Amino acid sequence: MADCIWIQGSSLSEAHPVGYRWAMKARERGAKLIHVDPHYSRTSALAHQYVPIRAGADIAFVGGLIRHVIETDSFFRDYVVNYTNAATLVSEDFRGPEDLDGVFSGFDPDTGSYDRRSWAYEGGEVPSAAGDREHTTQAFSDQTGGGLLEGDPQRDPTLEHPRCVFQLLRKHYARYTPEMVEQVCGVPQADFLRVAETLIENSGRERTTMLVYAVGWTQHTAGAQMIRAGAILQLLLGNVGRPGGGVMAMRGHASIQGSTDIPTLYDILPGYLPMPRASEEDGTLAGYVERMGSKRGWWSHFDNYIVSLLKAWFGDSAAEDNGYGFSYLPKITGNHSHFPTTLRAIDGGLDGMFVMGQNPAVGSQHAGLQRRALAKLKWLVVRDLADIETARFWKDSPEVASGELRTEDIDTEVFLMPAAGHVEKEGHFTNTQRLLQWRDKALEPPGDARSELHFMHHLAKRVRAHYAGSERERDWPIVNLRWDYPERGEHEEPEAESVLREINGYEVATGRPVSGFAELRADGSTAGGCWIYAGCYADGVNQTRRRNPGDLDAPGGWVSPEWGWAWPANRRILYNRASADPHGRPWSERKKYVWWDEDEGRWAGYDVPDFPADKRPDYVPPDDAQGMDSIAGDDPFIMMADGRGWLYSPSGLLDGPFPTHYEPFESPVGNLLYPEMGADPAAITWDRTDNPINPPADPRYPLVATTFRLTEHHTAGSMSRNLPWLAELQPEMFAEIDPVLAAERGIEDGGWMTIATERAEIEARALVTPRVRPLQVAGKTLHQVCLPWHWGSYASSEDGVTGDATNDLVVLSGDPNVSIQESKAFSCDVRAGRRSRETTARMAGVRSESWLTASGDHRADQPHRAAETGQSTHGSGEKGSSA
Amino acid sequence: MEDSGRIVENGSNRPRTFSRLRRLPVVGRAADWGLGPRAVSKNTRQAGPRIAGLKADVSVCPYCSVGCSQLVYTRHGELVDIEGNPDSPINQGTLCPKGSASRQLIQQPGRLTKVRYRRPGGTEWEELELEQAMDMIAERLIRAREDHWQERDERGRRVDRTLGFAHLGGATLDNEENYLIKKLFTAMGAVQIENQARI
Amino acid sequence: MSAAPTEIAIHREGAERMGFFTDTTVCIGCKACEVACKQWNDLPADGSVFRKGMSYDHTGSLGAATWRHVRFVERLAPSAAEREDAASRLAAGGGGGVPSLPVDGGRWTGDGGRGTVDSPGDLDLVALAESGAGEEEGSGGVDVAGAVAQMDRWLFMSDVCKHCTNAGCLDACPTGAIIRTEFQTVFIQPDVCNGCGYCIPSCPFGVVDRDKIDGRAGKCTLCYDRLQDGLEPACAKACPTDSILFGPYDELVDIARRRVAELHARGIDGAYLYGAGDEPQDQLAGGLGAFFLLTEAPERFGLPAQAESPIQENAPVATAAGLGAALAAAGAVVATFVLSHRGGRRR
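Chains as they are written, first to last, in this note's numbering: chain A, 1 to 883; chain B, 1 to 199; chain C, 1 to 347.
To be clear, the hints were calculated from the coordinates, so they are not data collected in a lab.
Every value quoted in this text rests on a predicted model; they were computed, and no experiment measured them.
In this text, a Cβ means the ideal position worked out from N, Cα and C, and glycines have one as well.
Watch out, some of these pointers could steer you wrong.
Pulled from the structure, derived: some chain C residues nowhere near chain B, Cβ distances all over 12 Å [stated by the list, open to error]:
| no. | residue |
| --- | --- |
| 1 | A9 |
| 2 | A36 |
| 3 | W40 |
| 4 | V49 |
| 5 | K52 |
| 6 | S55 |
| 7 | E84 |
| 8 | K212 |
| 9 | A234 |
| 10 | D269 |
| 11 | G277 |
| 12 | D278 |
| 13 | T295 |
Have a look at the derived ranges for each label pair, beta carbon to beta carbon [stated by the list, open to error]:
| no. | chain 1 | residue 1 | chain 2 | residue 2 | range |
| --- | --- | --- | --- | --- | --- |
| 14 | B | R119 | A | E849 | 53 to 63 Å |
| 15 | A | D409 | B | H76 | 41 to 51 Å |
| 16 | A | G349 | B | Q132 | 40 to 50 Å |
| 17 | A | A465 | B | R155 | 28 to 38 Å |
Straight line, CA to CA, 30 Å or less: simulated DSBU-like cross-link-like pairs of lysine-lysine [as the list claims (entries may be wrong)]:
| no. | chain 1 | residue 1 | chain 2 | residue 2 |
| --- | --- | --- | --- | --- |
| 18 | A | K592 | A | K25 |
| 19 | B | K42 | C | K52 |
| 20 | B | K114 | A | K378 |
| 21 | B | K42 | A | K395 |
Bound conformation, chain A alone (with noise of 0.2 Å):
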């Protein structure tokens, strides 16, 4: 459907493979390909167009894209006018990066946050996290701007008003011209260009182009905002909520979708819904309800989703005059994502773990770190297929090889425990698409191996006894806890399918499963575990296992809407209401895919329309509507309040309403569009002594690595490197180097090379190869080291293979909205010959302490703000040197 396919900050054909089949499908039948990324690798081989980027510098790319579009009057103007915010006014005291040397307005220097209430629209108000040092990541509810429209927004259709987003916007990349791209990203002008004239020419009302990302774009201290980037180039482009549009997440893993929907997550609870704080407002259901809901769009449902979860959690117990148990869910108090919990295993406070399919010893960054906080806990439980690094750190880990750690002084008490495989449990993922699809189970996991389900049933049934009857209100949730999952079979599995119903939701007083979210209730008559996912057992029949591909030769045939179930209701494209103009006309024949029916009175198309089915597309609010009511019949973007695709973004983000390029975390370079500054002051790190941070524009680390994945391998390699028939086709741990780095440090082809930054060095193979290029940055000749990542100290099987951990170099840093870090880019240096001691030795002897704790009140797990670092300040390395 695409007639281009950008990929920039996602390498599809080695991370998605069959992903590119569809991209090489859509090539063959004349689409461009165009592949903007640091290294040259096998999508870049297949693009028609390869663009060498510094790594990091994306921001600056996309912007100069973003200026492109609107100096040369090339964006889709009746897209934009009436499906984006281009035309709202924004309030006087906004100031943005241009006005204020690279901050936005409302920046404290001191605490290195914003209060955000100047960058509301004219007559709105956000809410305001002004002078709370405290770092959360940021809930859905308040990305939508729930909260934030009080009174209609003002616009100027006309684009003119020199407060509208359009205008500002146009002068907040006004700078971002060819020749700062060059200088800033290392793109030569006529490459640049010649990727903007792609892009110009494959959108429109008769073409589309889609933009793919990854981890590429995210993991960096302004991973947010490059993304958010993509999405404005998208929307002024008017390649959003239609076919061969939209902005790919190409996702890591095989249900990473469905474990951020149903999150193992910290900060959310199933659908997107907010943990509680401990805030006055999240005291009491009410209060929670008040705060994270929204007068005006899909959010206005939100006490429906909440009030299901609650019924689906805690059944006959939660009741209206108990707040259906709210007030007993624990409460967030800043960050308690994956790294403070490891600080917290270091500094004390943490005794025991769960870790079940992931292998922090060398997938989680500053792995050196995570392997000496598993040494401080009490117990460790890890499940896994095979032995992992993570599960033996005590036995062979490189800091008890170094003699950091002596193997019986070490108090960890490890359960190593067998799981079963996929295809030995039934239950379903859900994929990068939000597609959920159902897994039959072939056959019984060997010996005492067990499902995750097994294991959480059997768990909870054993801590539910110790509790029973208890009377103390901590332990009201444990004992009113629903917990009656059929057992199956002699080792008494529980049965996954009632628990899909559960995620489905139900009519609490017959048990019939809801068809979808529009019948949960917020009066307790309902129970859902997850609202995104309500339908996916509509009419008690596991949608997820419907296995029809359809005639995929019919008109909208490749929807395959009966292959699989797509949260939400069975949706495959989002917002596309946009795939038909404000009228409801598709916007060509040729794009063809949602549009209105006058003669039924209703929204049809290939797709479930992602719109209310009979509002008509010349609905106008009356003045004082509210919920759903206040959405227009032309205001596609339903989530949102005021239904328009944000190109400033007045809530949600907390480092500024605009993308802006900053440095790297760690970078060689300095800041050429904002001199003054260096990295994203808001960007969040851990400025202690077990996180030496390389110091900006440090002479010693000269060079940008960059890490990525390979088709062969996966993630942290448990998965591969211990399957013969992988670890053959990628035997050792290499790095890629450009010839000429090559040649200035005397490491040869196939040869030994070390790759150092302040955290460890590590050694590789060199892969010395011109398919890595020198970039001309700043005037100044950068080269940039490619590192895959996907080996371990350790191999399970006699035919695995093992290697040095990249992540031993990362460090700990952190994207402000979604405490991402950033390994993408930081800075290194290289050396030929391999590494004299074991690979994080330099670190043996730290003492973990916070350069900061004389700081009030700070918690030493915390993380603390660029701008407190220094590396937010180009050149002033002074503290950063001495370490």
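Go by the hints and put chains B and C onto chain A.
Frame of chain A; chains B and C shown alone:
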């Protein structure tokens, strides 16, 4: 749906006439053996795919997030073959090298079948019975919760939680499993529940 | 199209010649074929090393336990000096090789305009084939400008047994273990093979190899077992981009010819078929049942520009077969003997 490995026309540029071969009468096979100048061995004469006649279960590849459908063939409870499901509109029978190797993921040489236990200060793994391990884990979990219960935090705010234990992982697990993890551990007051999605 | 093979051992009504068409222009180098083949045929990993100069290819070559193998031809943005050097070597009669480019077995080093392979222990098939090509003026030669322009590419190709019309291995096999099936594919019957190894040097493509454990010859069967039930061979089925097509040979040739024409229309002038569609006198080994669409000289992929079975013309089949029958009884002994003296050429 329950069987196959059958070839379907899938809109790709695969040759469309291969189905002719499928229509060859099976009974004709043995009768048609000719004797050329070369000897045809008994095994050759009896050649056939090891999945002939086997029921296939439908699964989904456990590696990346594309969601390729797999056909899983078993004989008497033994896994004998995993290959792409041609019905799937996602992968149309294809698989990448990892998906193609997923039988070996299940049958990998180092596959665990017993609980391994490492005692404090221990230098080697020991084996534990599953039920005993479950009891020991439950006991430690409850103790961590009790030892680190916080009704209020250091600033006096109501938190009703424990920071004594944490969970990591989920992106490789089923949604049903993640649901139970989140449900039980949240009910126990845990907030440090994380997975690969942030990493 | 191709001369009809003469020695079909198995007859079956309705069966026709089946083959592979491997189109390198849509190959993404993912190696799914390599793994899917091992999975289906239960072939072990046979070891690998990090190979200098071999890009992402660490398994090196086809072998007794690697029946599909993906080659990586990596050379991007050569310097002006390198281009000049390459051009002059080619102009001086390089005979089809592109000097200084990595091909099978290691790294090319300059050698009077013709490369040599410096990786010990590997069969020097390419150099062998190339020297043949060099002697015959004009045949297998390379367009100098075209070859130099093509240096700026990263190419992938899934190699496999060619299932030759005139199969050297089959001709050389003294035991009758190697037969031509009803699908006109070349099949080694493992229960007949005695491991004598005659087939190995008889293959002009270096495909056949001796198993390092039992000493018998091994190579692609074109999934003879799957074909019995109308199942597509494992590699072609798995291939995510349909770079490997399987089907009736005549039909594949037809598809391939149209594909070449399409690529030419798109301006990819260098696209051509290797092993199919040639005039009878130019056919490689009489025509290949598994043929390829290439955009570069065959040597870039480690394929010979010319291929004939060395013993094709002077080793009557019947004689070889008779000799084989006599040796069959001592098969196991021979296998052991051969194994202990020759060893595997693969690690």
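Do the hints match the structure? See the list:
A Cβ of chain B approaches the Cβ of A9 (chain C) within 12 Å, the least distance being about 4 Å, so the stated non-interface status is violated. Not every CB of chain B is more than 12 Å from the CB of A36 (chain C) (nearest about 4 Å), against its label as outside the interface. With a closest Cβ-Cβ approach of about 7 Å to chain B, W40 (chain C) is found to fall inside the 12 Å limit, against its non-interface label. With a cut of 12 Å on Cβ distances, V49 (chain C) stays outside the contact zone with chain B, its closest approach being about 19 Å.
Distance to chain B confirms K52 (chain C) as a non-interface residue, since its nearest Cβ pair spans about 23 Å, more than 12 Å. In this structure S55 (chain C) is separated from chain B by more than 12 Å, as the shortest Cβ-Cβ distance comes to about 16 Å. Once the 12 Å rule is applied to beta carbons, E84 (chain C) is consistent with being away from chain B; the minimum gap is 39 Å. The Cβ of K212 (chain C) lies farther than 12 Å from every Cβ of chain B, with a closest approach of about 19 Å, so its non-interface assignment holds.
Distance check on A234 (chain C): its Cβ comes as close as 7 Å (rounded) to a Cβ of chain B, failing to clear the 12 Å threshold; non-interface status is violated. A cut-off of 12 Å between C-beta atoms confirms that D269 (chain C) is not in contact with chain B; the least separation is 22 Å. Under the 12 Å C-beta cut-off, the non-interface status given to G277 (chain C) relative to chain B holds; the minimum distance is some 16 Å. Even its closest Cβ contact with chain B, about 21 Å, leaves D278 (chain C) beyond 12 Å, as expected for a residue assigned away from the interface.
Under the 12 Å C-beta cut-off, the non-interface status given to T295 (chain C) relative to chain B holds; the minimum distance is some 18 Å. The hinted range of 53 to 63 Å is not satisfied by R119 (chain B) and E849 (chain A), whose Cβ atoms lie roughly 31 Å apart. At about 49 Å, the CB distance of D409 (chain A) to H76 (chain B) agrees with the hint of 41 to 51 Å. Distance hint for G349 (chain A) and Q132 (chain B): a CB-CB separation of about 28 Å, inconsistent with the stated range 40 to 50 Å.
For the pair A465 (chain A) and R155 (chain B), the beta carbons lie near 35 Å from each other, so the given range of 28 to 38 Å is met. Of the pairs offered as hints, the one joining K592 (chain A) and K25 (chain A) holds, with about 20 Å between alpha carbons and a cut-off of 30 Å not exceeded. A C-alpha spacing of about 45 Å is found between K42 (chain B) and K52 (chain C), which places the hinted pair above 30 Å, so the restraint is violated. Taking the CA atoms of K114 (chain B) and K378 (chain A), the gap is about 22 Å. The hint holds against a cut of 30 Å.
Between K42 (chain B) and K395 (chain A) the CA atoms are separated by roughly 52 Å; this puts the pair beyond 30 Å, and the hint is violated.
The structure fails hints 1, 2, 3, 9, 14, 16, 19, 21 (numbered hints given earlier, in ascending order).
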